[in-house]
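The lines below spell out each chain.
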Amino acid sequence: MSAHDPLITITSDFGTADSYVAQMKGVILGVNSRTRLIDVTHEIPPQAVFRAALMLPELLQTFPAGTYHLVVVDPGVGSARRILAAELDGHYFIAPDNGLLDPLLQQATHSRVYELTNSRFWRNEISTTFHGRDIMAPAIAHWSRGATLDEMGEPLSGSPISLPLPEPTMTESEVVGTILYVDHFGNMVSNIRREHVKQWEGSDVDPIIRLESEGSLRFIDSGISETYADSLPGQGLILWGSHGFLEVALNGGNAAAKFKSQAGETLTIY
Amino acid sequence: MSAHDPLITITSDFGTADSYVAQMKGVILGVNSRTRLIDVTHEIPPQAVFRAALMLPELLQTFPAGTYHLVVVDPGVGSARRILAAELDGHYFIAPDNGLLDPLLQQATHSRVYELTNSRFWRNEISTTFHGRDIMAPAIAHWSRGATLDEMGEPLSGSPISLPLPEPTMTESEVVGTILYVDHFGNMVSNIRREHVKQWEGSDVDPIIRLESEGSLRFIDSGISETYADSLPGQGLILWGSHGFLEVALNGGNAAAKFKSQAGETLTIY
Amino acid sequence: MSAHDPLITITSDFGTADSYVAQMKGVILGVNSRTRLIDVTHEIPPQAVFRAALMLPELLQTFPAGTYHLVVVDPGVGSARRILAAELDGHYFIAPDNGLLDPLLQQATHSRVYELTNSRFWRNEISTTFHGRDIMAPAIAHWSRGATLDEMGEPLSGSPISLPLPEPTMTESEVVGTILYVDHFGNMVSNIRREHVKQWEGSDVDPIIRLESEGSLRFIDSGISETYADSLPGQGLILWGSHGFLEVALNGGNAAAKFKSQAGETLTIY
Numbered sequence: 000m001s002a003h004d005p006l007i008t009i010t011s012d013f014g015t016a017d018s019y020v021a022q023m024k025g026v027i028l029g030v031n032s033r034t035r036l037i038d039v040t041h042e043i044p045p046q047a048v049f050r051a052a053l054m055l056p057e058l059l060q061t062f063p064a065g066t067y068h069l070v071v072v073d074p075g076v077g078s079a080r081r082i083l084a085a086e087l088d089g090h091y092f093i094a095p096d097n098g099l100l101d102p103l104l105q106q107a108t109h110s111r112v113y114e115l116t117n118s119r120f121w122r123n124e125i126s127t128t129f130h131g132r133d134i135m136a137p138a139i140a141h142w143s144r145g146a147t148l149d150e151m152g153e154p155l156s157g158s159p160i161s162l163p164l165p166e167p168t169m170t171e172s173e174v175v176g177t178i179l180y181v182d183h184f185g186n187m188v189s190n191i192r193r194e195h196v197k198q199w200e201g202s203d204v205d206p207i208i209r210l211e212s213e214g215s216l217r218f219i220d221s222g223i224s225e226t227y228a229d230s231l232p233g234q235g236l237i238l239w240g241s242h243g244f245l246e247v248a249l250n251g252g253n254a255a256a257k258f259k260s261q262a263g264e265t266l267t268i269y
Numbered sequence: 000m001s002a003h004d005p006l007i008t009i010t011s012d013f014g015t016a017d018s019y020v021a022q023m024k025g026v027i028l029g030v031n032s033r034t035r036l037i038d039v040t041h042e043i044p045p046q047a048v049f050r051a052a053l054m055l056p057e058l059l060q061t062f063p064a065g066t067y068h069l070v071v072v073d074p075g076v077g078s079a080r081r082i083l084a085a086e087l088d089g090h091y092f093i094a095p096d097n098g099l100l101d102p103l104l105q106q107a108t109h110s111r112v113y114e115l116t117n118s119r120f121w122r123n124e125i126s127t128t129f130h131g132r133d134i135m136a137p138a139i140a141h142w143s144r145g146a147t148l149d150e151m152g153e154p155l156s157g158s159p160i161s162l163p164l165p166e167p168t169m170t171e172s173e174v175v176g177t178i179l180y181v182d183h184f185g186n187m188v189s190n191i192r193r194e195h196v197k198q199w200e201g202s203d204v205d206p207i208i209r210l211e212s213e214g215s216l217r218f219i220d221s222g223i224s225e226t227y228a229d230s231l232p233g234q235g236l237i238l239w240g241s242h243g244f245l246e247v248a249l250n251g252g253n254a255a256a257k258f259k260s261q262a263g264e265t266l267t268i269y
Numbered sequence: 000m001s002a003h004d005p006l007i008t009i010t011s012d013f014g015t016a017d018s019y020v021a022q023m024k025g026v027i028l029g030v031n032s033r034t035r036l037i038d039v040t041h042e043i044p045p046q047a048v049f050r051a052a053l054m055l056p057e058l059l060q061t062f063p064a065g066t067y068h069l070v071v072v073d074p075g076v077g078s079a080r081r082i083l084a085a086e087l088d089g090h091y092f093i094a095p096d097n098g099l100l101d102p103l104l105q106q107a108t109h110s111r112v113y114e115l116t117n118s119r120f121w122r123n124e125i126s127t128t129f130h131g132r133d134i135m136a137p138a139i140a141h142w143s144r145g146a147t148l149d150e151m152g153e154p155l156s157g158s159p160i161s162l163p164l165p166e167p168t169m170t171e172s173e174v175v176g177t178i179l180y181v182d183h184f185g186n187m188v189s190n191i192r193r194e195h196v197k198q199w200e201g202s203d204v205d206p207i208i209r210l211e212s213e214g215s216l217r218f219i220d221s222g223i224s225e226t227y228a229d230s231l232p233g234q235g236l237i238l239w240g241s242h243g244f245l246e247v248a249l250n251g252g253n254a255a256a257k258f259k260s261q262a263g264e265t266l267t268i269y
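Chains as they are written, first to last, in numbering that gives the first Met the number 0: chain A, 0 to 269; chain B, 0 to 269; chain C, 0 to 269.
Bound conformation, chain A alone:
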């Protein structure tokens, strides 16, 4: 293996019970047999563009520059939605134009965004239901073996679709955030980032954080922890997750189950 064999990550909502993901891999390897393929996840909830979009910045922070990323969460397949190829801070992405790349594009210091238009880089027969296999997989494989954005498409006309990600509501005395999703461990990940809680920095008084579900209080705590070990086993705590969002967690347990709570609920800091 050469250190220069291209790396392609794959993220989708295809699940792993069918052969959909393998079909994309077969097509990629048929175009460029030297690629090394890494699954991110295929358990994005069906058509949950927003969940995949939030995951992509974590890939930018951990994979080496020069990695290719194929992202197929594509509820608009078969319609006129565009397919994007974007170079972002040294990483290469192909994804449908439905908001998937929006958080990345907002953070990127350097980006070039193209629309894939040249069918010479696609499979001969294009189904109407599976562009991940028929357009995006062969395109990223050709890209990884040297085809250029100018050969494969055209600079995007207009802006890419933006992702309607809810932002916390900020007032002088409180920040009202939302639980975006619950991860495998039951950790409840909110949309509150460090930049939203600057007003408590250097203060003598710890902020109070309150989790409410269906209008009733489920958990309340003061202060933000840095590690699970800051609370006793079985007790809830508020901490910064590994991706920089504020989480409600449970030391040694499942917070969402214990607090009978879920995505969409309200997290308030005051």
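Keep in mind that the hints were calculated from the coordinates and are not lab data. Warning: the hint list may mix true and false statements.
Since copy identity is lost for identical chains, a pair holds within one copy or between any two.
Derived DMTMM-like pairs (lysine to aspartate or glutamate); straight-line CA-CA distance at most 25 Å [as the list claims (entries may be wrong)]:
hint: 1; residue 1: 197; residue 2: 124
hint: 2; residue 1: 257; residue 2: 42
hint: 3; residue 1: 259; residue 2: 124
hint: 4; residue 1: 257; residue 2: 225
hint: 5; residue 1: 259; residue 2: 57
hint: 6; residue 1: 259; residue 2: 194
hint: 7; residue 1: 259; residue 2: 4
hint: 8; residue 1: 197; residue 2: 150
Nothing here was measured: the structure is a model prediction, and the numbers come from that model.
Starting from the known structure of chain A, arrange chains B and C on it as the hints suggest.
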């Protein structure tokens, strides 16, 4: 990595919670460290030979010629069932002789089918419960590094076991098919292929398609769509799936859940 | 690909719905792009150290010598628990010091155990919640490209944490074991190994085996089978599993479901 390092796909009903799949991979890599391993799925329902058999043609259509495919859905492990090694249109398969390769063999234009008999290409100790690890994994690894079918076994005597896949019932006025399985998205995949609906080609009148479950009508539509976008969000539609079978789908939703239906139900065209 | 490109297996309780596993892979590939990564499983029940610990000997028996193994089941992350790097009979392991390596260490004929202490081989920023990504992943990648244990850490002071694995109770007339876990097929794996049933070897009388759940008899059989095919379809049987533990299984079905039983129940031989 050389473009000629052999590619081996793996399909099984082992699930991914235990180490069974990894054990097979370890054995393969111990015999031929140059192989590149691709998971198709390990979530074939336990011992559902038929589900894996229907998946294999999709691999033939997407993976490059020269790919090896290990298929371990093996309810007869430990009994006298044979183990097959088959060369099929430039692809190489190892699977138990229980019908898994039947759909492939019926479509293949060129095939050679052997029975694995030479234990020199197996692990030293053969368990009675895990021939995937002890016989098939080392055999496919040896095959991928140059062992020949004639070294590893003998031409199959008699026919391979055939798969009892239900065919649609055809009359002059209607085609009565069956839902074979429901995929990750809730799409209901039937056994009806394009060859079964030729009588409506070029006709002015669209066929009517009716889904019945437990004897009651669940969905009815006229015409076959080419894409999900042909129906309104939340509405059912009938379309050709990416593998060539007729599907009942739901634009932006789960058809099987909405129509309270499942594998085994009846789909009629008239 | 060179046959000498290092192989790294990954075992965790991270699930596959989030990007946690991919983040570790990105970090590994950023340090050593030549590694080949193999997933064992990421479905260890959350924080079930014991389940992963029992799986590791199966990797030693199937992967080639020289394989690296990253094992991240880490309920103590963020606390003062140590992180181990161990060379065991030609395999290389990195895991938190919480009992994960205990069964391996007890069986190994040659072992060297170090504590990872040199942060030069870690990521620049160390989170308090994800040492798998920030410490263990980069460390195993550096190890796989030539860093030595003496560079990365220090010989372990004191003993590693031991795993409280229940042993069967042995009397002259009976062996009382425990169901350790239930696998994907519903096979119920006990803690009884061949060494525990020597008293029946060469005897004319087959042992009787009895499965009890919540105090009531669920299954009773005489004799230990060598293969599923020794019983009729749909019937229970007792056999040696592929890993050397005694199992309760069902020919063609799910034993745990049929016998309404689960991990923790009692299996008695007499």
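Hint-by-hint comparison with the structure:
Proximity of residue 197 to residue 124 under the C-alpha cut-off of 25 Å is restricted to the inter-copy arrangement: shortest distance 21 Å between copies versus 54 Å within a copy. In this homomeric assembly, residue 257 and residue 42 come within 25 Å of each other (Cα to Cα) both inside a single copy, at 24 Å, and across copies, at 21 Å. In this assembly of identical chains, the alpha carbons of residue 259 and residue 124 never lie at most 25 Å apart, being 48 Å within a copy and 34 Å across copies at closest. Taking identical chains as interchangeable, the C-alpha atoms of residue 257 and residue 225 lie at most 25 Å apart only when both belong to the same chain, with a minimum of 21 Å there against 44 Å between chains.
With identical chains, the CA atoms of residue 259 and residue 57 are never at most 25 Å apart, being 28 Å at best within one copy and 38 Å at best between copies. Within a single copy, residue 259 and residue 194 get their C-alpha atoms no closer than 28 Å, and across copies no closer than 47 Å, so neither meets the 25 Å cut-off. In this homomeric assembly, residue 259 and residue 4 never come within 25 Å of each other (Cα to Cα): the closest approach is 47 Å inside a single copy and 47 Å across copies. In this assembly of identical chains, residue 197 and residue 150 lie within 25 Å of each other by CA distance neither inside one copy nor across copies; the values are 46 Å within and 40 Å between.
This entry does not satisfy hints 3, 5, 6, 7 and 8, going by the numbered hints stated previously.
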